[in-house]
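Undergrad: Required output: the full structure, derived from the provided sequences and hints.
Here the protein sequences line up with chains U, W, R, G and H, keeping their order.
With my numbering, the residue at position 162 of the first sequence is 162, and numbering never jumps.
Residues are numbered in my numbering as their position in the second sequence, beginning at 1, plus a constant of 1000.
Residues are numbered in my numbering as their position in the third sequence, beginning at 1, plus a constant of 2000.
Residues are numbered in my numbering as their position in the fourth sequence, beginning at 1, plus a constant of 3000.
Residues are numbered in my numbering as their position in the fifth sequence, beginning at 1, plus a constant of 4000.
It should be emphasised that the hints constitute simulated quantities derived from the structure, not laboratory data.
Incorrect hints may have been included.
Stated by the list, open to error - Calculated cross-link-like contacts (lysine-lysine; reagent style BS3-like; alpha-carbon spacing at most 27 Å):
{"no.": "1", "chain 1": "G", "residue 1": "K3126", "chain 2": "U", "residue 2": "K377"}
{"no.": "2", "chain 1": "H", "residue 1": "K4045", "chain 2": "H", "residue 2": "K4130"}
{"no.": "3", "chain 1": "U", "residue 1": "K392", "chain 2": "G", "residue 2": "K3089"}
{"no.": "4", "chain 1": "W", "residue 1": "K1094", "chain 2": "R", "residue 2": "K2056"}
{"no.": "5", "chain 1": "G", "residue 1": "K3252", "chain 2": "U", "residue 2": "K377"}
{"no.": "6", "chain 1": "G", "residue 1": "K3192", "chain 2": "H", "residue 2": "K4192"}
Stated by the list, open to error - Where chain W lies over chain R, by a calculated footprint (3+ residues, C-beta under 8 Å):
{"no.": "7", "region": "2331-2342"}
{"no.": "8", "region": "2373-2382"}
Stated by the list, open to error - Listed next, the stretches of chain W that the computed footprint assigns to chain R, with coverage defined by at least 3 CB atoms under 8 Å from CB atoms of chain R:
{"no.": "9", "region": "1057-1070"}
{"no.": "10", "region": "1142-1153"}
Remember, predicted model here, so these are calculated numbers, not experimental data.
Built from N, CA and C at the ideal position, the CB exists for glycine as well.
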Amino acid sequence: MSDTHAQTVPFVRDTMLPSAAPPVRESGAIRWLRTNLFSGPVNTVLTLLGALIIWFLVSTFWDWFAHSVWNASSLNECRAIIAATWGEGARGACFAVIRERWNQYVFGFYPVELYWRPTMTFGLLMVALAPVLFSASLSIRRVVLGITAVVTLWAMVVLGAPAGWLIFAAAVLVAGLVASERNISWMLPFSLVYPLLGVWFLWGGTLWGPIFVLVGPLFGWLAWRALSRVSPMLATVVAILVTVLFWLVLAGDAARDAEALLPLSIDAVRSDRFGGFLLSLTIGVAGIALSLPLGIVLALARQSDMFLIKSLAVIFIEFIRGVPLITLLFVASLLLNYFLPPGTNFDIILRVIIMVTIFAAAYMAEVIRGGLAALPKGQYEAADALGLDYWKAQRLIVLPQALKISIPGIVSTFIGMFKDTTLVTFVGLYDPLKSMSDAVRANVEWKGIYWEPFIFVGAIFFLICFGMSRYSMYLERRLQRDHR
Amino acid sequence: QEGSTLAQVKERGELNCGVNTGLVGFAAPDASGNWTGFDVAFCRALAAAVLGDPAKVKFVPTTGQTRFTALSSGEVDVLARNSTWTYSRDTDLKLDFIGVNYYDGQGFMVRSDLGVTSAKELDGATICIQTGTTTELNLADYFRANNMTYTPVNIDSNAEGEQQYMAGACDAYTTDASGLAATRAAFADPETHIILPEIISKEPLGPAVRHGDSNWGDIARWTLNALIAAEEYGVTSRNIEELVRSSENPEVQRLLGTTDELGAMMGLDAEWARRAILAGGNYGEIFAANIGEQTPIGLARGLNAQWTQGGLLYAPPFR
Amino acid sequence: MTDIRATATPPFRLSMLVNDQRYRSLTFQVIVFILVMAAAWWLVDNTIRNLALMGKSFDFGFLFQRAGYDIPQTPIPYTADDSHLRASVVGLLNTLIVAVLGCIAATVLGVIVGVARLSKNWLFARLMTVFVEIFRNMPLLLWILIVYAIFTEILPPPNAFRGEAATSGMILFDHVALTNRYTALPTLAMTNDPGSLDLGARITFNWATIAFVVVLVGGWFARRMIASWAQDVQDRTGSRPTTWWMSLAVMIVPSLLLIWYFGLHLEPPTLQGFNFTGGLNVSNSLVALWLALTLYTAAFIAEIVRAGILAVSRGQSEAAFALGLRPNRTMSLVILPQALRVIIPPLISQYLNLTKNSSLAIAVGYMDLRGTLGGTTLNQTGRELEAIVLMMLTYLALSLIISAGMNVFNARVKLKER
Amino acid sequence: MEHIERRIDRSQMTVSDEVAIDIRNMNKWYGTFHVLRDIDLTVHKGERIVIAGPSGSGKSTLIRCINRLEEHQAGHIVVDGVELTSDIKNIDKVRSEVGMVFQHFNLFPHLTVLENCTLAPIWVRKVPRKQAEATAMRFLEKVKIPEQAGKYPGQLSGGQQQRVAIARSLCMQPKIMLFDEPTSALDPEMIKEVLDTMIELAEEGMTMICVTHEMGFAQAVANRVIFMDQGQIVEQNNPTDFFNNPKSERTKLFLSQILGH
Amino acid sequence: MEHIERRIDRSQMTVSDEVAIDIRNMNKWYGTFHVLRDIDLTVHKGERIVIAGPSGSGKSTLIRCINRLEEHQAGHIVVDGVELTSDIKNIDKVRSEVGMVFQHFNLFPHLTVLENCTLAPIWVRKVPRKQAEATAMRFLEKVKIPEQAGKYPGQLSGGQQQRVAIARSLCMQPKIMLFDEPTSALDPEMIKEVLDTMIELAEEGMTMICVTHEMGFAQAVANRVIFMDQGQIVEQNNPTDFFNNPKSERTKLFLSQILGH
Ligand SMILES: Nc1ncnc2c1ncn2[C@@H]1O[C@H](COP(=O)(O)OP(=O)(O)OP(=O)(O)O)[C@@H](O)[C@H]1O
Ligand SMILES: Nc1ncnc2c1ncn2[C@@H]1O[C@H](COP(=O)(O)OP(=O)(O)OP(=O)(O)O)[C@@H](O)[C@H]1O
Ligand SMILES: [Mg+2]
Ligand SMILES: [Mg+2]
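TA: So this is what it looks like as structure tokens:
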């Protein structure tokens, strides 16, 4: 067969060759090493370099981690323990500070006996998010909601939640699980009222406030129903007016009167008690929830044919994107009072949320605009030809597709915003990273402790942000699979 | 009286008090978020005087940057944040300092092994300094006046200053002497640090209110004075009930509202001062409890002793 | 024909404001305009009333008052006697310094990491992935604080360099000292100082500096001329002359001549009194901020670079290989020109982000624009409204300049595509 | 041409006297470019009109004016008794009476076939979902793809997609259907499927205006063929005469090109 | 099939005795998957070989090994007297002797057609630009698209792009051309253009190895058809015998499928 001329004459193989194993150096671990680590001089050098870096990192930090102390009441005690256990001059981490003060990093100055409330709030957040975030996959929903339910209830029990609230939380969580098995859109009403419930759980006070906030749009809707036959636009304007007027004029007094009639309140917790990750998450979640709709509106405005609307959107977006968030936070803390009627004063956390929302919305608008621009013109025309009006076309046709395209950008905006919640330290709020650590270090026992809080806080941020980015990848893949 | 601060505070049922974000001894939240400290005690006394309950205070932590704005924008009703009373702040910034609750001066702390015994020897040194404070200006002036140079290391908070100083990132740490003492006291090895003898500035620290609402200014001013006067007359939180009943001293009687209705002149009731003193004790008690020699801060009374003891504290008469 | 269009106009009725396509958007815009104006008026009116209530005015006169505070790092001469305006300019320059240095370093590092992530080397690629994920998923503020803490906690203070029993030594032939306050660099001294050009406002440029800039710019142009000559030769004869040594020569020889002429030499910093003197002390706040910004932004840039390279399909490099092009030529002639088009726009927005993020200088006390105008000046004068407005406008102007640059670049790249 | 296998028995189909579309003296400009010039066209109920003409002659523009995807600047268009002005109510009314099928289908990729078909009935006509779905299934059966109802458009072939697009329009139960080169983006095998569907529609008496170059289709179903060039109607006639006996030079030229290959 | 209109007069074309490619006992694995098994193949100068076989049989892998786009793990490949080892110089030498045309053209979208064609001659062969451009124009003329020289690939049709790809390879004046399914990404009309070009090349005596399912092409120009399955050469023969008288069962099955439609 190896004869050259054999090849030029007709040739037929009678028996097929079986598949053979590759030569030793071409298979298994050796081949893997050769192709992946030592495939050439450059690669070998890189491998060595990589190994060196790893060795350097491990050798520098290993004993520091290995010699960590979890049980001490002050830095000096830590040092003493390290010196006693591993000898004089040994270095070691003092994670005891986390053990001692974890609650401050997590809950800030929230009253200890009410820790269960934020826990429940964020547990139920998962239920509220389930119809939105995990709508497609039953198995993921099952896992997420199952874990949430177990963790939340366990934490609430440990944190000493009253039985009534335990039952309430358990009921909602179980309802979520059941709905998740049957038809997750049953949970949508809960998702809709959740924002108000969440605010109420966190800040406490009377439930009548949130209830009357909800009643406002109800009146608005009634007005809209009544007028929508006459003129949809007029109806919309009136509906908004009615809602806002109700909130401004009636809601406060009504809530007070109702509270007097039928007290429905839990312990109020003031904003200055918020701190640590509770603060970050509150600002982050509120910012995310608010900036997405605002971003959509801005993006639509920027894509509008109406010159004035478009220019306003452009100016707003470019202005917000052109300045650092920190200056906006300064505006929130220093200037907002200039711009409001004399004597008005509102919660600093709320102000920060507004600024963070505006900031994220400007970025979001650009991301979504990219998605809108990527839609073929035919989609708009088809919607027009079917007789859908502008808003219906946007809601049913354009936005679902544009948002899908923009998911990676949206999520990275979220991640950026969540990371930026640490900047609130510069306006005197107790973020988990700097202010809270400074506060902990202001105590004589923990003076001089730096690395451990950084590592702790950093790790939590990493988990959350990394999780979000993985989730966006999952979502992207899922939507691609679904529609193509 | 509608828009007046007093009316607002009463209506709100809570006093908004601007404090430091965290300066041990003066104002700092503890692990569960309860504020304690020398400045905090004044806020509580004021709340007690106005609202009848020392707990009805909302502490608004302010940074060096945000403190005066917080006050002038109405976010806080009174600023009790170890701020120096200066001409321009009183006039240009439109604040009213209502008195001095701590007479301080700017000093320097160095390591003793640096071999420096006087601030005059600090030529060329690197000095840690908190931005946005009067100390920054004093430092510049002092070194210029003495024809010396220095490199500032700007820091954002006291905690950070300590970190830099401890690590040797600056040769000297300058701030108000009280702060230095407090910082030094908290060190693991206080004896290896010395506070240089030069006090390069006058730093009368005091609470401030907004310009323009004189009645509110009076309330704050006389609450402070009541605390100081109480110490002078020996009125303490422990013996006050008894003195209310038995004091013969007419000044004490007026102070405690047993005779004359001094409170009414400011729109308060008769017992305002009594409550203020009960909240955390008189000036001396507050001092001793928060920054006195028995505390880790360990400050001596010094200039802050009563005038009768050779100090500068001198409350105007209650009549 | 002329009046055809006119006949189509029906008479105007009021309901047309709402129901007619042509008027509806107008109506809507007018309503929005009125609302926006009302809101603006409301804000301005509130501001005026608030200012009046506080007894303040809105004027920028404070910028010309004496600043009274010192700034650690001053690119232009500045003393406490100078005005707030000059202090603000110093701050702006400091912002620009850290932003420019950060953009350069982040680009270099980001490109290296991005390319390394695509490397066939499993270990190295993984390592770079870890780098990217770690830096992208934690707050920048954390990195700034950590880097700064590393500098202050790990590096020795200057007096560790003192005396016989010094515990630390200078590096790079005793010319550079890394301390926990600053990096002490040697000064450039001249035996033959040509004096300075005075631009007024105490801004001076040494003639030697100017000479170097001229020579370097000239050298750069010469290099380009050499490159185009080489291209020309290649076009004519096919073989490209080796030019790297010529390029190097035109860049370096004149500089060497200048160095010799001015008698330029390095004078190492010496430890005098408390600190190193005689050299340039680059404060750690700058270095830490710069490093943290660099690392953080590099992680994002790495992703951009990676995505850009991945956007060029594998077929492209295979085709180039099949034509006999070497990997480095393939990279420079085929992959990069295509990848750059994808990379540049997001890269510029990272530059924008970096510039804005430099305002976190506040965490390490670096006196940038926010630290001067928006920090000490604001604080000492109590002019928060004016100071913050001015500061925001300055940042806005910076951003707009950068994005204008981006648009110009995009337009140029686009043209090539068709 | 070979796609068309059956011819409609035109005598069976009724063309009523009622006017479905009345276009008078209509003119349209893009900027200064005069795309449509003095168009006069009356379409009766049940008529099937094919519009042909060289590229750029304004065919698409004309039918897009009929449901106001483009705005005309002079003259009148009256559709089913409603004049198209800039009055939004009229526009809405007209659009819900007129269905349109595009060259590139323009299905909504994020919705299933069934959802594509029920979207407009539910949101515009306010039909209950159940009922809308039943109607949709009926029309999907008519276009012979009921089994694809649950799929996404991306999973269908071009011909199937175009048939879904037709079904989607039909679900709004329009009185008039407009087709803009419905088969020109399709592969040859698929063209037949779509044309068959359209012929079936024609047999049921739907009023149709169709821009197409499928002359076989025109000969098979049209009552009238309109030839446009440079924004004007150059010739119109019944198909037999149009193809066998074109009058204008341009028509002749065009037909020779079209039928040439 | 119907694309191929002319047959080459095979007797006119010389197949020299010189060996262009000599593959001995070549084996290749992807991981543990044995893609190519004991391949023995000698190609003489001027031979035109067509490789056919079911999908996944290793056809592409085989020809990619010939210019070392893939590495083989056992056996020898000698191209024009140069053995392919991991020696970079040899690889370069071989690659500049061997042109390759891909299924998806892989033109450089950022360069004009002319630049695509001159890039490698200028940078690899060090040809002066003028001369390289003249050569490129010659080959563009040969593939019948000289007028497109200034355009960018994105502006051309698929058939034109593939012809540019062929011209680009030819500009390096290779001794051997490899084609990997050059027509399978093209629309039917365009296939003909490309095949015509390839036939012309064959007429000029170029040594060619072509993976293709265009059996008409194979019958028209090939000296030899090689049938691969499961990574091995199952049958080879001259085209007449190969198509009319296949010996192995697999070949028969394959041919029945391929020629079936
Ligand atoms: N939005 C627009 N702006 C400006 N000119 C346009 C626009 N749309 C179309 N045109 C021009 O109007 C003319 C008519 O376009 P139209 O699409 O109606 O032609 P058509 O007959 O449908 O051609 P085809 O057979 O290619 O689809 C063309 O010259 C076209 O270039
Ligand atoms: N990079 C790779 N890694 C692992 N397996 C591969 C790789 N490339 C190809 N294969 C596998 O090797 C086998 C042969 O692939 P090859 O592309 O050579 O087949 P082919 O005969 O060209 O098929 P087709 O007609 O589909 O192009 C296939 O089973 C394929 O899945
Ligand atoms: Mg058209
Ligand atoms: Mg293949």
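Undergrad: If a hint holds in the structure, say so; if it does not, say that too.
TA: Hint by hint, here is what the structure shows:
1. K3126(G) <-> K377(U): Status holds; Cα separation ~26 Å.
2. K4045(H) <-> K4130(H): At roughly 30 Å apart (the allowed maximum being 27 Å), K4130(H) and K4045(H) break the hint.
3. K392(U) <-> K3089(G): Holds, at about 16 Å.
4. K1094(W) <-> K2056(R): holds (8 Å)
5. K3252(G) <-> K377(U): Measuring from Cα to Cα gives roughly 35 Å; hence the hint is violated.
6. K3192(G) <-> K4192(H): Holds - the C-alpha atoms of K4192(H) and K3192(G) are around 25 Å apart, at most 27 Å.
7. 2331-2342: violated (count 0)
8. 2373-2382: holds (count 7)
9. 1057-1070: holds (count 4)
10. 1142-1153: Answer holds; 5 residues pass the 8 Å Cβ test.
This entry does not satisfy hints 2, 5 and 7, going by the numbered hints stated previously.
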